[in-house]
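Model the full structure from these sequences, guided by the hints.
With the working numbering applied, the sequence shown corresponds to residues 6 to 240, in that order.
All clues stand as given, with none of them false.
Cross-link-like lysine to any residue pairs, in silico, SDA-like; alpha carbons within 20 angstroms at most:
id: 1; residue 1: Lys-103; residue 2: Asp-84
id: 2; residue 1: Lys-127; residue 2: Val-138
id: 3; residue 1: Lys-127; residue 2: Ser-196
id: 4; residue 1: Lys-172; residue 2: Arg-230
id: 5; residue 1: Lys-98; residue 2: Glu-221
id: 6; residue 1: Lys-143; residue 2: Arg-195
id: 7; residue 1: Lys-36; residue 2: His-215
id: 8; residue 1: Lys-56; residue 2: Leu-137
id: 9; residue 1: Lys-98; residue 2: Val-169
id: 10; residue 1: Lys-103; residue 2: Leu-238
Beta-carbon label-pair distances, calculated as ranges:
id: 11; residue 1: Asp-136; residue 2: Ala-178; range: 32 to 40 angstroms
id: 12; residue 1: Trp-86; residue 2: His-215; range: 18 to 26 angstroms
id: 13; residue 1: Lys-56; residue 2: Glu-171; range: 42 to 50 angstroms
id: 14; residue 1: Pro-46; residue 2: Thr-227; range: 40 to 48 angstroms
id: 15; residue 1: Asn-167; residue 2: Asp-51; range: 39 to 47 angstroms
id: 16; residue 1: Ala-81; residue 2: Gly-60; range: 20 to 28 angstroms
id: 17; residue 1: Thr-211; residue 2: Ala-106; range: 17 to 25 angstroms
Just so you know, these hints were derived from the structure itself, not from any lab.
In this text, a Cβ means the ideal position worked out from N, Cα and C, and glycines have one as well.
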Amino acid sequence: MRKLLPLLTVLILTGLTPVQAEEAKPFADAKEIDLVTILPPPPANDSAQTKAELGEVLTLQVTRTPEMVANAQADAVEDVWRFANVMGPEFNKDRLPKFSAFFDRVVATEGAVVDPAKDVFKRPRPHQLSDLVKPAVKISNSGAWPSGHTTVGTLMGIVLSNMVPEKKAEIMARAWDYGNNRIVGGIHYRSDVEMGRIAGSVIAATIMRHDDFKAEFAEARTELRHSLGLPDLAH
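Written out as structure tokens, the structure reads:
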């Protein structure tokens with residue numbers, strides 16, 4: 006209890022509850038971006054496509070290397086700091102408070118938009134369809150269509166590459182791997198990942214028009230570019 010007192014004192018003085026301190030407000034939700042009307046329905050469980058995709062998951066299960074498994078497990082975390090390997094050592098959460106808070110909102114947007122669509126589409130994940138599938142990442146039993154991790158990876162990649170266009174190719178390649186690792190991990194089919202890339206692109210295109218996004222993006226971009234030793238971009 007003594008350890009909690011300093012934190013509670015700060016929260017009281019700032020007018021924040023522990024829940025408020027942790028939550029980030031999405032830039033959009035499923036009412037604005039209705040993926041059920043944008044994405045096609047998933048293939049049937051007994052379709053040739055699903056059977057082929059299940060075969061790919063099972064093949065990867067016996068061919069994936071320890072390094073591939075480690076990468077898939079590391080990418081199970083949904084945050085922008087997974088791009089550190091392409092952004093460099095100055096890409097550090099402690100150095101980038103505005104950037105970090107901004108991307109907390111970006112990540113929250115994915116859940117607000119994607120989760121309701123998953124509940125409607127209700128596509129079973131590979132391990133739910135076949136007992137032969139042994140995922141190498143944490144089990145999830147939410148709907149598979151679209152892949153939320155791929156959606157947020159694509160969304161983060163697009164936004165981040167707009168901040169640092171000098172690294173756009175590397176950033177988007179990293180975002181692509183982020184999605185692929187859901188197949189490697191055995192928790193998604195390839196078409197789930199493809200739909201996630203579409204969803205992430207649609208969300209990015211939509212929220213980039215919002216005034217609050219524009220304002221916070223500009224501040225986060227300036228902070229990031231200064232930290233990376235890059236010149237400011239013309240507006």
